[in-house]
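Protein chains: 2
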Amino acid sequence: MFKAKIYVNYKPSVLDPKAEAIKTALTRMDHQNVQDVRYGKYFELLLQGDDEAAVRAQVEEICDQLLANVNMETYRFDLDVA
Amino acid sequence: MFKAKIYVNYKPSVLDPKAEAIKTALTRMDHQNVQDVRYGKYFELLLQGDDEAAVRAQVEEICDQLLANVNMETYRFDLDVA
Numbered sequence: 001m002f003k004a005k006i007y008v009n010y011k012p013s014v015l016d017p018k019a020e021a022i023k024t025a026l027t028r029m030d031h032q033n034v035q036d037v038r039y040g041k042y043f044e045l046l047l048q049g050d051d052e053a054a055v056r057a058q059v060e061e062i063c064d065q066l067l068a069n070v071n072m073e074t075y076r077f078d079l080d081v082a
Numbered sequence: 001m002f003k004a005k006i007y008v009n010y011k012p013s014v015l016d017p018k019a020e021a022i023k024t025a026l027t028r029m030d031h032q033n034v035q036d037v038r039y040g041k042y043f044e045l046l047l048q049g050d051d052e053a054a055v056r057a058q059v060e061e062i063c064d065q066l067l068a069n070v071n072m073e074t075y076r077f078d079l080d081v082a
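Chains as they are written, first to last, in UniProt numbering: chain W, 1 to 82; chain P, 1 to 82.
Read the hints as simulated data drawn from the structure, not as lab findings.
You may find that some hints are simply not true.
For chains that are exact copies, the list does not tell them apart, and a pair is met inside one copy or across any two.
Below, computed lysine-lysine pairings styled on DSBU-like, alpha-carbon distance capped at 35 Å [claimed, not checked]:
1) 3 / 41
2) 11 / 41
3) 23 / 3
4) 11 / 23
5) 41 / 18
6) 23 / 5
With the hints as constraints, model all of the structure from the sequences given.
Here you go:
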């Protein structure tokens with residue numbers, strides 16, 4: 001059994017309106033020392049299997065096909081034995 | 001300068017329709033070995049400051065007031081020197 005922790009973020013070249021909105025709100029709330037905001041999605045999947053390489057390939061497939069829009073987003077993940 | 005990595009998730013008692021939709025899609029895509037799906041938000045903030053305790057208190061305030069709906073969501077964060 002493996003646990004995959006997957007982070008999906010916009011590519012730096014893609015405008016991220018949610019992150020901009022959070023930054024504006026923080027300035028209004030007197031948190032001027034916040035220099036940068038990044039906003040993304042976080043997934044945890046619990047996968048049955050013994051072969052780490054196979055599970056890793058499966059997680060990559062799931063990210064490419066379902067969890068990330070690879071035109072606009074990048075992803076990375078950690079795989080731990082669960 | 002500190003970097004805060006913030007994870008916001010629904011409380012376990014709150015129904016998470018996005019996670020359910022992902023689970024259904026994975027089953028349809030022949031990934032039946034995926035046992036559990038969690039879906040959340042991930043933020044990275046870059047904060048200016050020298051006093052770790054003060055920055056930590058500030059991040060908690062930002063999470064409580066802006067990034068998480070504490071009625072339905074929980075959050076956790078890691079703070080690293082950047």
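Task: Enumerated hints in conflict with the structure, sorted upward - done: none
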